[in-house]
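Novice: If you want the building blocks of each chain, they are given just below.
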Amino acid sequence: MRIPSKVIEIADDIKSMRIRGASRIAQAAALGLKISAECYTGNNVDDFIKYLTNVKEVLEKTRPTAVSLPNALSYVMSRVFKSRASGAGLRELIEVTIKAAEEFIEYSRTATRRIGEIGARRIRDGDVLLTHCNSSAALSIIIRAFEEGKDIKVYATETRPKFQGYITAKTLYEKGISVTLIPDSTVRLIMKKIDKVFVGADAVAANGAVVNKIGTSLIALAAQEARVNFFVAAETYKFSPITVIGELVEIEERSPLEVVSEEFLKTSKNITVRNPAFDVTPPEYIDAIITERGVIPPQAAIIVLKEEYGWALKDYMLKATLRVEESL
Amino acid sequence: MSGDFKYYKVIEDVKYGRIQSATEATLAVLSATARYINEIDEVSKVREFLKQFFSEALEARPTNALLMNIARGVILTVKDALGSGDIVKVRKVFNEYYRTTVKRIKMTNDTIAQMAVNRIESGDRILTYSYSTIVMKALKLAKDEEKEIEIYVPESRPGLEGLNTAKELGNYGIPVVLFVDSAIRYFMKNVNKVFIGAEAIAANGAVISKVGASLVALAAHEARVNVFVLAPTLKFSPETIYGELVELLEKEPESFISTERMHKMGLRINDVFNVKVPMFDVTPPEYVDAIITERGLIAPQAVTFMLREIYGWPFQFAPIRKLLGD
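Here the protein sequences come in this chain order: A and B.
Numbering-wise (the numbering used here), the first sequence opens with residue 5 and increments by one.
Numbering-wise (the numbering used here), the second sequence opens with residue 204 and increments by one.
Hints may contain errors.
[Said to hold, decoys possible] Calculated cross-link-like contacts (lysine-lysine; reagent style DSSO-like; alpha-carbon spacing at most 27 Å):
#, chain 1, residue 1, chain 2, residue 2
1, A, 166, B, 292
2, A, 60, A, 318
3, A, 197, A, 174
4, A, 60, A, 19
5, B, 350, B, 370
6, A, 54, A, 323
7, B, 525, A, 174
8, A, 166, A, 179
9, B, 343, A, 273
10, B, 467, A, 174
11, A, 273, B, 346
12, B, 292, B, 254
13, B, 209, B, 343
14, B, 282, B, 292
15, B, 454, A, 196
16, A, 196, B, 479
17, B, 454, A, 166
18, B, 248, B, 525
19, A, 197, B, 218
20, B, 309, B, 282
21, B, 346, B, 370
22, B, 370, A, 166
23, A, 154, B, 479
24, A, 270, B, 218
25, B, 350, A, 157
26, B, 218, A, 273
In short, the hints are calculated from the structure, not lab data.
No experiment lies behind these values; they were computed from the predicted model shown.
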C-alpha cells in the first residue's frame, strides 16, 4: 500500500524545516504514523507491518541528526512490535498504533510542563539561578518556580555566537522574573553568586553525558568547582538509543560567519574559524537530569533508554550483532 | 584643569578599554605625564597635576599593578625636586626616570618573551586569551626561531580582543584557530599549553587578568594542560601584601549589548532586567603552573619570595594611595 499523501506532506514539512524544534518534529512524526494506521486499507498483518515500517523509514530520513525524531517513531513502533509478538490481530495492531501515537503526542505536550513542576521543587525561595542558551524545558522550571511565588533571580549567558540568551532574557523579563545578562566568559566569576544551574539538552547519551549548546560543559565544570548544583532538563525523547551500541553523537560545526564578519574573514590570513554548535558535558558534572518521568542521576540514563526505547535497543543490538556475524 | 584636557584624554581611553593592554595603558599614562612636565613651567601646577592625574588613572584602571608601581616610581623620583621648586630639576629627574623606565619595560618584556620561548617546542598547540603584549612577543619570537606552532584563540567577549590577537598572529604567518569563548573546554583537548598575560599578580600568586582567563585556567587544569602566565615583576602588586583587595572593574552595559538592540527586543535596564560586564577575573595560584618574570620562572606561590627580593624584608614600600594623599 502507498504512503498517504498527508504523511508525505508531513515528511516534506520536516525536511524543509516548516516544522522544526525537537518537540514539534517528534509530534509530527508520531502523527504521521497515526494517519498511516488510520488510512490502512489492507487486510494482512505482515503487510501492515511492512507498510508501517516503510512510513517510519520515510519519516526518519527527513532529519537524520535530530534524536527526538527517531525516538518518537520508536516509541510507537516498539508498542506495535510488542503487540504483534504477543499475537495481536490486524484490528488490534491498528488500534495500538493509533493509541501509541496519540499517547506520544500527549506526553510530548505535557512533558515540558511536567518537567517544570518536578524541577521547580528543586528551587528554594531566594535562589540565584544560572541558565545557558534558550531551553524551553529549563525555562519551564524557572517560570514554574516563580509562579509558585518563589523569589528568584536569574543570570542568563548571552550564548555566542547566536545570542539565544537574549531570547531567554526577554522571556523571563516579560514574566517579571529578575534577570541579568552576562558574557559567556564571565561564568566562573559569576558562579560564586549562583545557587543552581539549569540547562536543557539536545541529546543524552547512554552513559549520561549530555550534548547541549556549546559552553554547557564549561559552565558545568565551573559549577562543579564552586560546588553549585547543575541540573539538566530533558524530555525522555532526547535520550539517544544509538549511543547504547557505542555510536557517537555527531557534533555539528556551523558557518564561521556566525562568529566573525565576512569582512574579517576576507582581510585575515592563516585563520581558521571553528564553530562547533554543541559540546559534551560528562555525567560526573551533572547532579541530576530532570525528565518528565522524574529526576534521575545521569548515570541512570540507561534506565530511561531501556524503559522508553526497549524495542529500538533490541533492534540496534540485533543489527550490530548481525554486522559482527557478517564480518566473521 | 580645563586647559589640561588634552593630557586627560588618555584616561578616557584606558577607562573605556580603547587601550586594552596593561602595558600600553601604563606607557600612555607615562607619556602624557612627560608631556605635561615638559610643557608646564609652574612646579605647583605639576605637583597638583601628578596627584590628580595619577589618582584618576588609577581609578580608571584600579587593577593595573604596573601603572600603580610606575606611578609610585614617578612620585618618589620627583618628590625632592618638587620640594626644591625648581622645574629644571624636576624635568631632569623625571626625564631620566621616564627614559630608563620605558627601556626597562621593553627589556623585561623581551627577556620574558625569550624565556617563554624556551618553553615552546615545535609542534606545540598553544591557547592564548585576550590580547597580551608579552605573549604576542613570545609567539612571534617562537615563529622567528622557526618553531612550528599553532595558536588557539577565543574571541574574548565583550571586547573581542581575541580578534586582534588572531589577526596579528595570522599576519605574522602563524596558523590560528579562532572560536567563541564558550568553546574553550571543547578545544582544550587540542592544545598542550596555555600562555596568558596578566593585569596584576597578588601576593598569594593569584593572577588578575581579562575576564574569562580563570575559566581558561580551570579548563586547562581539568585537561592537565600547563598554564604559563607571562608577567614582569612590575605587575606584582605589593599593596596586596598588606591585605588590600584588588578591585575588579565593570564595563558599561553598552560595551556588551547596544541600547538599540535591547529596545528592539523590548528589554530595558530596570529593577527586573540588568546587564553585567565584569572586565577582569582572578585565577587562583593552583591553576597556574608557572609565572614567567624577567627574573626567571617561578611558581605562583613564590611571588612573596620575589617581592621580598624587590622590597626587602620586612617589606618597605610606600602604598600608592598614601603617596597620592600626601
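Novice: Each hint should be assessed against the structure and marked as holding or not.
Specialist: Right, here's what the structure says about each hint:
For a cut-off of 27 Å, the pair hint linking residue 166/A to residue 292/B is broken: about 59 Å separates their Cα positions. The straight-line distance between the Cα atoms of residue 60/A and residue 318/A is roughly 17 Å, inside the 27 Å bound, and the hint therefore holds. Taking the CA atoms of residue 197/A and residue 174/A, the gap is near 22 Å; set against the 27 Å cutoff, the hint holds. Simply put, residue 60/A and residue 19/A have alpha-carbon atoms about 14 Å apart, close enough for the 27 Å limit, and the pair holds.
A threshold of 27 Å between alpha carbons decides the hint, and for residue 350/B with residue 370/B the separation of about 19 Å falls inside it, so the pair holds. Annotation: proposed proximity of residue 54/A to residue 323/A holds, straight-line Cα distance about 18 Å (limit 27 Å). Restraint check for residue 525/B and residue 174/A: not satisfied, since their Cα atoms lie roughly 47 Å apart, outside the 27 Å limit. With a CA separation close to 23 Å, the supplied pair residue 166/A and residue 179/A stays within the 27 Å bound.
A C-alpha spacing of about 15 Å is found between residue 343/B and residue 273/A, which places the hinted pair at or below 27 Å, so the restraint holds. For the proposed pair residue 467/B and residue 174/A, the alpha carbon gap of about 11 Å is at most 27 Å, so the pair holds. Between residue 273/A and residue 346/B, the direct Cα distance comes to roughly 15 Å. Compliance with the 27 Å bound is thereby established for this hinted pair. Only pairs whose Cα atoms come within 27 Å are accepted, and residue 292/B paired with residue 254/B is accepted, the gap being roughly 19 Å.
The hinted pair formed by residue 209/B and residue 343/B fails the criterion: a straight-line CA distance of about 35 Å is larger than 27 Å. A threshold of 27 Å between alpha carbons decides the hint, and for residue 282/B with residue 292/B the separation of about 11 Å falls inside it, so the pair holds. A distance of roughly 19 Å separates the Cα atoms of residue 454/B and residue 196/A; the hinted pair therefore holds under the 27 Å criterion. Of the pairs offered as hints, the one joining residue 196/A and residue 479/B holds, with about 14 Å between alpha carbons and a cut-off of 27 Å not exceeded.
Among the hinted pairs, residue 454/B with residue 166/A is consistent with the structure: their alpha-carbon atoms are about 22 Å apart, no more than 27 Å. Proposed proximity of residue 248/B and residue 525/B is supported: the alpha carbons are some 20 Å apart, at most 27 Å. Between residue 197/A and residue 218/B, the direct Cα distance comes to roughly 26 Å. Compliance with the 27 Å bound is thereby established for this hinted pair. Using a Cα cut-off of 27 Å, the hinted pair residue 309/B and residue 282/B holds, with the two alpha carbons roughly 25 Å apart.
Note on residue 346/B and residue 370/B: the hinted pairing holds, with a Cα-Cα distance of about 15 Å set against a maximum of 27 Å. For the suggested pair residue 370/B and residue 166/A, the alpha carbons sit about 22 Å apart, so the restraint of at most 27 Å is met. Distance hint between residue 154/A and residue 479/B is fulfilled; the C-alpha atoms sit about 23 Å from each other, no more than 27 Å. Using a Cα cut-off of 27 Å, the hinted pair residue 270/A and residue 218/B is violated, with the two alpha carbons roughly 31 Å apart.
Under the criterion of a C-alpha separation no larger than 27 Å, the hint pairing residue 350/B with residue 157/A is inconsistent with the structure, at around 50 Å. For the hint linking residue 218/B to residue 273/A, the alpha-carbon distance of about 31 Å lies beyond 27 Å, and the restraint is violated.
Of the numbered hints given earlier, the model fails hints 1, 7, 13, 24, 25 and 26; all others are met.
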